[in-house]
Amino acid sequence: MKRHLISAADLSRADALLILDTAEELAQLADRPIKKLPTLRGRTVVNLFYEDSTRTRISFEAAAKRLSADVINFSAKGSSVAKGESLKDTALTLEAMGADAVVIRHPASGAAHRLAGWVRGSVLNAGDGTHEHPTQALLDAFTIRRRLRGGTGGRAAPPYAGGSGGSSPRASGALDGVRVTIVGDVLHSRVARSNVLLLSTLGAEVTLAAPPTLLPLAVGSWPCAVSYDLDSELPKSDVVMMLRVQQERMNAAYFPSVREYSRRYGLDVARMARLPDHAIVMHPGPMNRGVEIAAEVADSSRSTIVEQVANGVTTRMAVLYLLLGGTEFPAVTQ
Amino acid sequence: MTAGGPAVTGVRGTGPDRWLIRGVTVAGYGGRGGETADILLSGGSIVAIESGLNHSGARVLDADGLIALPGLVDLHTHLREPGREDAETVETGTAAAALGGYTAVHAMANTDPVADTAGVVEQVWRLGRAAGHCDVQPVGAVTAGLAGQRLAELGTMADSVARVRVFSDDGRCVADPLLMRRALEYVKAFDGVIAQHAQEPRLTEGAQLNEGEMSASLGLAGWPAVAEEAIIARDCLLAAHVGSALHICHVSTAGSAEIIRWAKSKGWPVTAEVTPHHLLLTDELASGYDPVFKVNPPLRTSADVVELRRALADGTIDCVATDHAPHPVEAKETEWSEAAFGMTGLETALRVVQEAMVDTGLLDWAGVADRMSIRPARIGRLAGHGSPLEAGVPANLTLYDPASPPAAVVPAGASKSRNTPFAGLELPGRVVATFLRGAPTVLDGKLA
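Quick note, the sequences are listed as chains A and B, same order.
Residue numbers for the first sequence follow our numbering, beginning at 1 and rising by one.
Residue numbers for the second sequence follow our numbering, beginning at 1001 and rising by one.
No lab work stands behind these hints: they were computed from the structure.
Be a bit skeptical, because a hint or two may be false.
Unchecked claim - In silico DMTMM-like links for lysine to aspartate or glutamate, alpha-carbon gap of 25 angstroms or less:
| no. | chain 1 | residue 1 | chain 2 | residue 2 |
| --- | --- | --- | --- | --- |
| 1 | A | Lys88 | A | Glu51 |
| 2 | A | Lys36 | A | Glu24 |
| 3 | A | Lys88 | B | Asp1290 |
| 4 | B | Lys1446 | B | Glu1091 |
| 5 | A | Lys88 | B | Glu1153 |
| 6 | A | Lys65 | A | Glu95 |
| 7 | A | Lys88 | B | Asp1086 |
| 8 | B | Lys1188 | B | Glu1213 |
| 9 | A | Lys35 | A | Asp70 |
| 10 | A | Lys2 | B | Asp1290 |
| 11 | A | Lys2 | B | Asp1314 |
| 12 | B | Lys1266 | B | Glu1330 |
| 13 | A | Lys88 | A | Glu61 |
| 14 | A | Lys88 | B | Asp1314 |
| 15 | A | Lys88 | A | Asp52 |
| 16 | A | Lys88 | B | Glu1284 |
| 17 | B | Lys1264 | B | Asp1314 |
| 18 | A | Lys2 | A | Glu25 |
| 19 | A | Lys236 | A | Glu248 |
| 20 | A | Lys35 | A | Glu51 |
| 21 | A | Lys65 | A | Glu85 |
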């Protein structure tokens, strides 16, 4: 693996499988009374967050702490030249403090890329502008694999048991042939970008379903299919991933009204009924209930939304472990 | 005094203002083949161009292997003074220009304060005279404060000592079609030209990079080609309607070239420029998010580069203009979306043009003289520059060594800023000497 995780494109199929398999091992921890491993003892992980994101920050924090790393949370409001210290100066400060890894969330696309040029430690992109969010894609892939390939030969997985589900058979392998439909604001979505790259690397067949205004003009060059018609995609989807509609898009002529968007691209109960029985519904959160997803759908047994959160910690543990080259990992299986 | 280097084998003599440039290939002289000749400069003018000139008392510059071009003229330079002297001053910017072979530059109006009054344009003009590296012809703003609301005092700037003829809100588009129409009409009274920065503002809100595969994968807001082309099409129609001169700044797309070709075929009074960087670089360079490649209009695709070269070669695009846009280090050492738009270009322009146009066979050296000196001087209504080299014209000329082996561009020249996108790139050629009205501003590649 590379030293940094900035884009899902940085991951080969073997890298991605290694992370997922490692996460699967680490998931066993969740069933143990002491959920902590000593692998990253003495290592420092900095959470550098330029955007409010409680869920992602806490997820990374929990992941690092379960590996016994020292965690420093650094919340920076605003960014760059006009508003105080530049990203570079912050990077040099973290460097001087001896950060082994910097987890960065930033409103500017490419910020993680820039940071990687200024620090010696590993950089983990926890979301940069409208570019990428690779650990979200990894936890999504992990969730899909557990649900659809959870040791039951690809048939519908048993009902989810809560937590990281250590008692269920371990999932393995790639996602060849899994049909994933990603719905909504692809244009501005870092989650969509990372998922298209990672899921296609893992062999899944990805389709983007959105109004044309919310797709990049050059989406034809991406390794996925595109549809403007959600209804026709649902019967052939194993996974439907709903994207959040950002408030600021609602009045910027991307679509006529929230209600029309919801009518055409929202996942309600009637639409959910068009899915195959085994299909799952995902959402990276936070949800706009009643806009892109109906409450009944979000709370249904198909929904993996809470599970995605739990899997986020496990997957991020795997990434931190592999990037920082921790030791003593086999302890889990002993 | 002696000067080293492979091309200049010796500089000797005593006459302070008489120079004999010996054995130089004069672009366009003696047919397109470019025969060698000697050029005698005296009293600020070219006195003679002949073979075997022998003039005692003149300093002799052996120019075997060098090309003589009329002194280059840049229609589009940001000198940053007044206001951003941390990025560039008239002194440092014109020194960079001279090192790049330029004898005149047009200083863009987006300074602080804006060059929208006679006072500011005269200040810039005087600073240029004082620096002495090359002539500085101020460009006046079209609208007061570049605000796009009402016309600046165009006539007063035209009548000032600075004799402004080119007006531009560069950096911003004169987007209001009525205001653009009035500006075009108004400057007819004093043979002015409106140089438009073609960028439809609504189509480019927050735009960061050419809209295409790169912007899609990098998650950067797209700057669509149509935002440039729509304004160019509109303004060509306006120029035709009112019969006034329109110049299009930094044309960057294949579609723009096509529209200009069509407008010219109608005989409409439209001219256009292209930057060196748009002739050589593409948006794929943004993949590492290094803002040194962030510029407005943005780097486009290789298909655009091919068409821009073709349009410059066939004359659809009249000239090369640098859009030299210096920025301090901190304006570029940041996140892409926070970084300033712009690249330096004066010191590398001729080498880039050799790489993109001459070495590819698209343009000969007479063509380079036309696109980098003769036509830009004509468009800028600039007296005393852009004359083909012949006896009797002002001695503004550039001596260039096209055979100088390709060398990596180092971002350390006379410009105060270092934001060159060509750093590390191997480019051919070397500017050996520049003469401004018979006096060297550059000798052996160094400021004289």
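Restraint check for A:Lys2 with B:Asp1314, where alpha carbons must lie at most 25 angstroms apart: Not OK: A:Lys2 and B:Asp1314 at ~48 angstroms, beyond 25 angstroms, violated.
Straight-line alpha-carbon gap A:Lys236 to A:Glu248, limit 25 angstroms: Distance ~32 angstroms between A:Lys236 and A:Glu248 Cα, so the pair is violated.
Holds or violated: A:Lys88 to B:Glu1153, with C-alpha atoms at most 25 angstroms apart: 43 angstroms, violated
Restraint status (C-alpha distance of A:Lys65 to A:Glu85 at most 25 angstroms): Violated - the C-alpha atoms of A:Glu85 and A:Lys65 are around 28 angstroms apart, more than 25 angstroms.
Restraint status (C-alpha distance of A:Lys88 to A:Glu61 at most 25 angstroms): 23 angstroms, holds
25 angstroms Cα cutoff - pair A:Lys65, A:Glu95: 20 angstroms, holds
Straight-line alpha-carbon gap A:Lys35 to A:Glu51, limit 25 angstroms: Given that 25 angstroms is the threshold and the Cα spacing comes to 29 angstroms, the pair is violated.
Straight-line alpha-carbon gap A:Lys35 to A:Asp70, limit 25 angstroms: 16 angstroms, holds
Holds or violated: B:Lys1264 to B:Asp1314, with C-alpha atoms at most 25 angstroms apart: Distance of about 12 angstroms is within 25 angstroms: holds.
25 angstroms limit on alpha-carbon distance, applied to hinted pair A:Lys88 and B:Asp1086: 20 angstroms, holds
Pair hint A:Lys88 and A:Asp52, alpha-carbon separation not exceeding 25 angstroms: 20 angstroms, holds
Restraint status (C-alpha distance of B:Lys1188 to B:Glu1213 at most 25 angstroms): 43 angstroms, violated
Going down the numbered hints, you'll see the structure goes against 5, 8, 11, 12, 14, 19, 20 and 21, while the others check out.
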